[in-house]
Amino acid sequence: MTRPWLPWARSAARPGPAPAGQPPAGPARPLLEVRDLTVHHGQLRALTEVSLTVHPGEVYAIIGANGAGKSTLLRTLAGLHAPTSGTVVFDGADVTGLRPDRRVAAGIAMVPEGRRLFGSLTVEENLLVGAAYARPGPWSPERVYELFGWMRERRGQRAALLSGGEQQAVAIGRALVANPRLLLLDELSLGLAPAVVRRIYGMLPDLLAAGLTVLLVEQDVSQALRVATHVHCLLEGRTTLRGAPGELTAAAIEDAYFGLARANGQGTRGGPR
Amino acid sequence: MSWVNAVIQGILLGGLYALFACGLSLMFGVMNVINLAHGDLAVVAAYLALGVITITHVPAQWSFLIVVPVFAALGYAVQRTLIQASLNRGVLTTLLVTFGLSVVIENALLQFLSANTHSIPVSAALVSASFTIGSGITIAYLDLVIFGAAVIVLLGLQYFLSSSKYGRLIRAVADDREAAQITGASHRHVFGIAAAIAFGTVALAGIAFGTYSQFDPTIGTDQLLLFAFEAVVIGGLGSLWGTLIGGVLLGVAQQIGATIGTNDQVLAGQLFFLAVLVLRPQGVMGSRGTA
Amino acid sequence: MSEVGQAPPAHPAGALAGPRVTRSRRSPLWAGTVAAATAAAVVVLAILPYLAYQNVTNLLDEVFYLMVMASMWNLLAGYAGLVSVGQQAFIGLGAYAVIIPALHGANAFAALPLSVVVAAAAGVIAWWLVSRLRTGYFAITTWVIATVCELVISRYQSLGGGTGVLLPLPTSISPTLLGAYIYWIALFVLIAGIATVYLILRSRTGLALTALRDDETAAHSVGARVGRTQRMVFVVAAGGCGAAGAVYMLTQAQFLQPSSAFSVEWSAKIIFITIIGGIGSIEGPILGTIVYVALEQALASYGTWYFIILGLVAMGVALWAPRGLWGLIADRFGIRLFPVGYHVWLPGEDGRARRRR
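Chains as they are written, first to last, in my numbering: chain A, 14 to 286; chain B, 595 to 885; chain C, 4 to 360.
Only chain A is shown next, with the shape it has when bound in the complex:
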């Protein structure tokens, strides 16, 4: 097993990313494998034996109603929450017990729900903090300024004073400068105007072209379907649907989302990987 987050292993070769935006053709090694993940909040079971696989270059969307466990899943993948059972394997290495900061070093970066910028720091300082423990790679605050044209002039402004959409951009930038391989996006659309949301999601192709893989959580199902290469629906902590958007009917998604079908895997056309 490789341990890519150890300093001396950083220059080791890694498999290249799949072409942007499409599920990879051949059996490329999965970037992220989650097996039978069960997570509790105290006594409450938030996730029950959730499994998923993400290949390099994919946009993997997790959808579901409020309380379905989507954010819990992402937070567990980021290392903020310890699972009760199950494993998380990233790039061939078991990261289940790894602390959040070590996961960043391994190549997982999260844009958390609600942005969670450092309010008293400026835009630039937020990016610098993100870059403080960055892996080697193409992303830097400079490149983030190029990605978001408006940011360069405003980089001396305190983060708390920005609008929601601007904060979201800075939060994404902060995660990008760590040069992750897997970007976790938690509820990007929350609290933002639809036009802003569309603009932000419109950036995804650029990120994918740069070699990133994206795992996102989204309440807005149609938005998720528009950008995702794979969709995974959760209901009350369990997987109810999995597949590529093209293969799933609207009815099947609706059933899975609201739980009317009430059975695991009903309506799934894409098979197990």
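Hints are not guaranteed to be accurate.
[Unchecked claim] Derived DEER-like restraints, expressed as beta-carbon distance ranges: (1) C/GLY319 / B/SER807: 47 to 57 Å; (2) C/GLU268 / A/GLN170: 47 to 57 Å; (3) A/THR97 / C/SER30: 34 to 44 Å; (4) B/SER757 / A/ALA206: 49 to 59 Å.
Please keep in mind that the hints were generated in silico from the structure rather than gathered at the bench.
Cβ atoms here follow ideal geometry from the backbone N, Cα and C, with glycine treated the same way.
With chain A held as given, fit chains B and C onto it using these hints.
The following block gives chains B and C in isolation, referenced to the frame of chain A:
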């Protein structure tokens, strides 16, 4: 004229109080820890400085070069072990553990060193030298040096927090610990750095206090901790300048009290603190909602 | 063992099973045993002056007033979530509340209720100062208030200034009888104090307090009157410490000094006692005081070492055995002396009911 004198003495004293307070404020702002052993640490530093002077015959005013780094390292170690363990169990536990630490330190000092008062001997010339302004205002050089040192340290700390990588990290962790974790910062390490700074500054403050006044094992809990805390509250959390202003205001309040009645110095400071707590709990420089 | 006899409440067949709540009741045998033992203990303690020498009753005086103080602090910190490092303010005020009338010719014993009243009144004022403060700020401010009390009292030469004052006691009573009177008062304060704590925790306020103990935000959200409850507890604890302080003064060869009446050492003692004995249970402070005084007697000659060791032990207990000695005993043997809990019966995943305290 004695009022003006009191104010000036108070301002100079305030620098020292601010130096005491900044460590307490830092630990509270970054990791939500009120270190009840803060005052006792200053006393230990003063004793350590005495020991260093006695053994190495270093001139007293340079003893801090040895003691402060030692204390900074000690702060990092204590934070990563004892205080982190307490934090993992909750705020209540942390308070109780630092309280226990305070009692242990104080009694250990009483046990191994005597209860006698000591003082750090700076050159006699420095202690007694003073200059006079106008009529009736005397300023001792030592007080001025201490005030100057305090301001320089605070400036340095301010620069560190605003412009350095670890300064940014400290501010980030103080803002949102979880967000800092997911951007790759080890918050325990950052806590350690903050504690190292806190211990270092309080050591310096303790040594300065030792040159300026007598100290004994109990003065840490009896006075220094409370003065540091009062300065933090009066000035308000969240800015080092607030801490300086808090220290100065406390010093002035105390000196005015001393002018009214020789035994009323400490009481005047306490009453002023309580008044600020009631009338403006966020402190002079704090914004609403940080109390 | 002591909780035996609590069968899960029966669910009507097929009905949706939700949690059921029953009040904690001990099995009649156990309850009877404990009640009888307590009564016997009280009787023995009451007649002790006739049985034992004065040094025994004097020692028990210290046990009694420390037990009251620790129980009060436990109520504050272990239940209401208020960590006070300033109870010595009320201890000292209680002591001075008795001395001042006595210096003016009143009977010291008759002035005892005054100590409770004065301390409780001071508690109301202090609460107004500290009620909105967060944990650490709260703790240090209570400490500051205590030092303010000390400094203010020291200014009055009529009270002896900084050096202290001697309490005039009726000279017509023999010292032995005087000692016995003081002992009975101490015993009375102890019983009243513990009974008060027990009654508070057994009442609805007690339920609110236990909720507070577990999670303050959650307690708010289910409507527990957090602010009022905390204030009530704070004032009661102040009054209790005042009474204990008066008892202390009576035992101190009647000589009182501000620096000892208001010393932070009081807080050190009662905090260590409660931590080691067990925060969050009535039995904890009781056990802790017994352990503390026993150790104090055994290690009397070691002076400051005693506090060093005590402090280290308390820190260790706080970190690794947070419910203290009593917590360890209760968990190991499943016993509880004072029934102040509730049982929640949850339907288990497999249909069996589970019990949670």
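Now for the hints, and whether the structure bears them out:
1. Between C/GLY319 and B/SER807 the C-beta distance comes to about 35 Å, which lies outside the given range of 47 to 57 Å.
2. For the pair C/GLU268 and A/GLN170, the beta carbons lie near 52 Å from each other, so the given range of 47 to 57 Å is met.
3. At roughly 36 Å, the beta carbons of A/THR97 and C/SER30 sit within the given window of 34 to 44 Å.
4. In this structure the supplied range 49 to 59 Å is violated for B/SER757 paired with A/ALA206, their Cβ-Cβ distance being about 36 Å.
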